[in-house]
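Engineer: Protein chains in written order, with this note's numbering: chain R, 625 to 1041; chain L, 625 to 1041; chain H, 625 to 1041.
Hints in this document: simulated from the structure, not taken from any laboratory.
Do not rely on the hints blindly, as some may be mistaken.
Which copy is meant is left open, so a pair is good if it fits within one copy or across any two.
To be verified - Below, a list of computed lysine to any residue pairs in the SDA-like style, where the Cα atoms sit at most 20 Å apart:
(1) Lys-993 to Leu-982
(2) Lys-993 to Gly-1031
(3) Lys-1040 to Tyr-972
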Amino acid sequence: MYALVERLYPLCRSITGDGVRATLDIVGEYVPLQVHEVPTGTQVLDWTVPQEWNIRDAYIADAAGRRVVDFAASNLHVLGYSVPVSATMPLAELRGHLHTLPDHPAWVPYRTSYYTPDWGFCLAQETLDALPDGEYEVRIDSSLTDGHLTYAEHVVPGQVADEVIVSCHVCHPSLANDNLAGIAVAAFLARALAERTPWYTYRFLFAPGTIGAITWLARNAERVARVRHGLVLACAGDRGRLTYKQSRRGDAEIDRVMRHVLDASGRPHRVAEFTPYGYDERQFCSPGFDLGVGSLCRTPYAGYPEYHTSADDLEFVSPEAMADTLALCREAFAVLDANRRYVNLSPYGEPQLGRRGLYDSLGGRSDAKQAQLAMLWVLSLSDGAHGLLDVAERSGLPFETVAAAAGALHGAGLIKA
Amino acid sequence: MYALVERLYPLCRSITGDGVRATLDIVGEYVPLQVHEVPTGTQVLDWTVPQEWNIRDAYIADAAGRRVVDFAASNLHVLGYSVPVSATMPLAELRGHLHTLPDHPAWVPYRTSYYTPDWGFCLAQETLDALPDGEYEVRIDSSLTDGHLTYAEHVVPGQVADEVIVSCHVCHPSLANDNLAGIAVAAFLARALAERTPWYTYRFLFAPGTIGAITWLARNAERVARVRHGLVLACAGDRGRLTYKQSRRGDAEIDRVMRHVLDASGRPHRVAEFTPYGYDERQFCSPGFDLGVGSLCRTPYAGYPEYHTSADDLEFVSPEAMADTLALCREAFAVLDANRRYVNLSPYGEPQLGRRGLYDSLGGRSDAKQAQLAMLWVLSLSDGAHGLLDVAERSGLPFETVAAAAGALHGAGLIKA
Amino acid sequence: MYALVERLYPLCRSITGDGVRATLDIVGEYVPLQVHEVPTGTQVLDWTVPQEWNIRDAYIADAAGRRVVDFAASNLHVLGYSVPVSATMPLAELRGHLHTLPDHPAWVPYRTSYYTPDWGFCLAQETLDALPDGEYEVRIDSSLTDGHLTYAEHVVPGQVADEVIVSCHVCHPSLANDNLAGIAVAAFLARALAERTPWYTYRFLFAPGTIGAITWLARNAERVARVRHGLVLACAGDRGRLTYKQSRRGDAEIDRVMRHVLDASGRPHRVAEFTPYGYDERQFCSPGFDLGVGSLCRTPYAGYPEYHTSADDLEFVSPEAMADTLALCREAFAVLDANRRYVNLSPYGEPQLGRRGLYDSLGGRSDAKQAQLAMLWVLSLSDGAHGLLDVAERSGLPFETVAAAAGALHGAGLIKA
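Kindly produce the complete structure, drawing on both the sequences and the hints.
Structural biologist: Put into structure tokens, the structure is as follows:
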């Protein structure tokens, strides 16, 4: 995953443009992608697909022609969606277009102006402080033209048509944790899920933030009705503990699964309430959709000083953290995938397990007692109203033990899904 | 308010009679009142309006003709609703009609016998201890005759016919906190609410305790159906912290509003569960009506030693405490009045606030970020099931910020009430 | 009760056979029993009534003919439901049929093999350790033949046909706490309930564990629909604190009553969640029936080292503990029996209690104030949705005070059941 992050890091992504396409090309080497191009001007819910932005070069040069701020050095230097500019102006006038972080004088901030035409440069405060007064040449060789918004999907087919959405944003330029780590975890999660056919159909969405999710939602009205659960992946690679942000509902099945798995895993973690800001969970959880979609981060959105700065670089993310995020996702989806409601077909009194060999078959196993208790719990709670996660939580038994017991009972014809 | 309390203090009030009328005359100088006279014998729910009681003079005189207990000195000296008496008797016989407070020998208790014919005097224990044996002249110049029960209403018209009732009892004689302070706060609250047309129609009820509320309920069966919320005001002027007693329902909107406002105000306070005794909330909350009516006191009913004694005097209440009670009521009714449920008219994804000027319009304000969050929260929760108080509580934002955001969204046509 | 336990202790009980019959004969001297005999092979829910097991003698004798393990000394020495055996074998071969408790070398374990044909002996580890190698004579003079399963019922008729079930298992041989103490408490509880006609009809069930309860449920499908509440009594005589295990529902009325009475009694106690193992609550609470049946023990099932060993003897149980269990049952059933929902017939405002003598009638009692509050609480909450236990819990008043108030109000025609 870290190698993927390293490859994606230099690209200049935005909510549209060739940087997104190049990103999806690379991700497509890991998992096959279906890429969608949506024309500028398309109405998507309350929004309109904007013009496509591309940039070739940008710089501020001093009177000697020396580039003091250079897009080639870092794509963060240019305000995202800057209109083209070619001018010479005194520093005093230029200052109105310069963005810095006085509290972190060595860092370059990340700034955009998607829907209000503007131009600007982002630079380190210490770079700015070193600039002498005088005339500067300012050039942004960008284009804003009718074109397309680009996003991609990857589907892992399941046993049922009900879907789980895994979404990550692909619109940030050279920021490693936000969201190259999320993209990498999503790609490897997709590969892991495909190792055996899962219960649900898993749909991975690689799309620009906000407008990308809105575009997908606008174009998939019928599919949305089949979305049972979802997870937005972001900030998946820093060294902080895991944070799960609940869906707007707060008691959606994904919320319960994530809480359970995080608790059961013993990992230090935090569970946060839903808020209507953050990543694309805001769109999936908007009241008209109100999907059971949560968000998994390590240190959350805007929760670390390096957020949206040049300090969110390749050093800031770690292979171990990404592997841990991926492992948690696999554990959670294993539970989600197996968490079904069964109906006890012999609900009057206990069925006689012994004559069905359900005691004998366990006799030689060291976890036989737990397995036997798990069968009694599954029989007791399989009334159509409780799922296996309910059984695990009420009994205090591990989910896998409960799921195995359900499998044995199902095999004996004592419960049905 | 304190001046009003001072004017009302000397009057001899009871559940009927000229003392109530004189009280309402004075209150009527502050807010116009509609006064109702209900004849003796009228059936009101399970009760009957009693005979009207009036009193001109009452005393106990010793053998020398000296008045040792005198109604003219304090109207508390006479047992409320005492039948007329004119007799001479030895102290030993008289003792059966004397009420004192041995634990507070300098205080005169307040006692009544509304529905069982009786007579008696209340006096300080130390006065009683000083009386020599011997014959005493006893005289109560009272009348119990067919007449009327008197109560009054004042209405602040609102934008809707749905009503909020504010009720206070007007039947206690010279007791300042219970309930002249409540009467004064109610009168000034009515004036404050009329400063601009409120959402709800606010009905202020000045009526004798129990029988007055029962009479009003009996005569206003149709109006009761329009009562959405209510508050009983009592003991509003002592120096203790505020106490809100919840309605029988416990989760009525008035309960939530009062809890929220008391918490948000930072005032030390107490929230008490409903009990079926206290003031007229017992009638409004009886199971047949079960109205969302709570009660606001400072130190509650029977919760202070001066309660129902001569020590509940003009010194016992303070202008600052009454002003604080009034301020809390205004804050609470401001929230209640604005706490509406909206429906997001653009519920699929987030609406694009920027193109509607809802970001720009806030750009220059220091609270812009909170205002923007408040709009996102209102949009997220405006599904018809959540009111603005829900939004404030779930978001942790101040109610006023949330209400302002709702106003801006309503102005932009993004939500409807 | 202790005398009854002493009489029952020597009998060799199992899930069928003459030991059960002899036990029921003795219990029948205390309360009349209706005894049922169900033939071997009868289908009962998912089970089949097994063959009947009886045993006359059993022993292991050494080469000198000396009985080193003897059924006559303790019926625990034989594996329950052992098939007949008559053989001579070396100790090494015999060991596969011997059960001991290495951690408690002086105790004899209790073991059974009801549904898998087997034979065996249970003995103290120290007895086994003292056996020299060599040939042993092994003899079990038992019979497994078509016969009957035996159980008994005792009914205390109530004012209504709705039933409360009290169940205890009668299938354990010489184990005092598990469950002779439970049998004794049940018998004396039945006698106590009959002292005056209770509200509910109380049905006492004396039946072998699991198969007995299943047989009763299978044969009483219509009666089950009338079962409102139930209690399984087991381990009722040890010196530990009381433990109430809740029904599967967790909020059944019996659960609330037991929690309330245990709390109100001030006894140290424990309330445990439902688990689908333990005693016959597993059958009554199986999801098809899901009855409001809890279980009362002192130290619970498998919760003490003496459990299912020879150390669960007459010393292990105490008359005081059994008396305490009985007393708690009587308190709980008094509450259960009186916990009815009333409807206030005068729900609009408070009814005038004074003119009905409901104040006067209490005037002379020291608990008058509590009685009066209790009447106001009953009136307030008698809306058809709250029972008297709700009133007691919400008011904080003792249940008996609340029940007495309801009685007075019912007598005055102010509430109806």
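Engineer: Looking back at the hints listed earlier, which ones does the structure fail to meet?
Structural biologist: Of the numbered hints, all hold.
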